[in-house]
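Line by line, the protein sequences are chains E and U. Oh and the first sequence: position 42 is 42 in my numbering, straight run, nothing missing. To get my numbering, take the position in the second sequence, counting from 1, and add 93.
Hints were generated in silico from the structure; no laboratory data involved. This one's a predicted model, so the numbers in the text were calculated from it and none came from an experiment. Keep in mind that a hint or two might mislead.
[Said to hold, decoys possible] Derived Cβ-Cβ restraints for the label pairs, each shown as a range:
1. U:Pro303 / E:Val59: 15 to 25 Å
2. U:Gly270 / E:Ser61: 20 to 30 Å
3. E:Asn83 / U:Glu146: 34 to 44 Å
4. U:Val192 / E:Ser61: 13 to 23 Å
5. E:Ser61 / U:Phe283: 21 to 31 Å
6. E:Arg74 / U:His237: 51 to 61 Å
7. E:Pro20 / U:Tyr195: 49 to 59 Å
8. E:Val48 / U:Tyr307: 40 to 50 Å
Glycine is no exception: its CB is placed at the ideal position from the N, C-alpha and C atoms.
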Amino acid sequence: MKRILEDKWQAAASAVALIPAVAGDAHACAMCGLPAGDIATHAYNTSVLFLLTVPYAIVASAVVVGYVAYRKARRREADAEYNTPGPESVSNR
Amino acid sequence: MAQQSNVAAIPLRRLPASKRPKFGDRPPPGDGGRQAPIIDNAHLAVFMLVAGETMLFAGFIGSFLVYKLGAPFWPPPGLPRLPIQLTWANTLVLLTSGVTMYLAVRAVRRNRLLLMRVFLAITVLLGTTFLVVQGREWVRLIAHGLHLSSGTYGATFYTLIGLHGFHVLCAVLWLLGVFVAAMAGRFTVFRHSAVEICAIYWYFVCAVWPVLFYLVYF
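Sequences are here, hints too, so could you generate the full structure?
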């Protein structure tokens, strides 16, 4: 058990030590691999981020529209049940 | 024995606004008691259309961002600047048309059909005004030397703004069709889904424009 824990700590320490070595690549654009600070990199990064957000925004809007429509339908059903006369009022006509 | 609803027995104008039947309501008992769906097919179709159009505009805006943010100077030197003040006024015209479209939908939901026709006519006029002003702006820019072949600046400007202008043109034509149908008395408080789905598309066209205006003109 002690041996396993030691191995885990060693693996974690190695991973932390690797972070500064790959930090430059991590900041670069995933598509073109240009270094950080490049104006083209910034442009591509912004564009990719924008394009990533749009589908999520569409799905979120669809959920909101569906929820509002569902609430309206439930309200209409409740109104219709409230307005439907019972057997007593029908027999009184 | 089929039950009768109190909604049908009372005249429509005497009902409070919340009790008046709206589009998508439960049909009368003679229709077999079929329940209305949560979202009807026409609305669902136009929502899917709007989602697709949103992705189309997102693709164009994404490519525009690459060109704009990747260029050291934007707009490039030597090319004419875009008329911001005139476009501000034009933006106001388009947003006002969105408000009048909303008022038209509200009027038909409240059974005020004459008011709906008036607001539809105003919306058509405002949309046409937007297109005419955009057209004049384009003519002036072309005269000042900004062409489709004037580098990425001219190409992205005419492609992006032209795409929106084409959508406004389609929306105005659609709106004209709805207006003609409204003048022919085709819409009632129970049956006006054509007005509502046209309004959804019009709201989309109005909502896209401020984004394009901010990105392209500033």
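Problem - Hint numbers not upheld by this structure, sorted from lowest to highest - result: Per hint list: single violation, 8.
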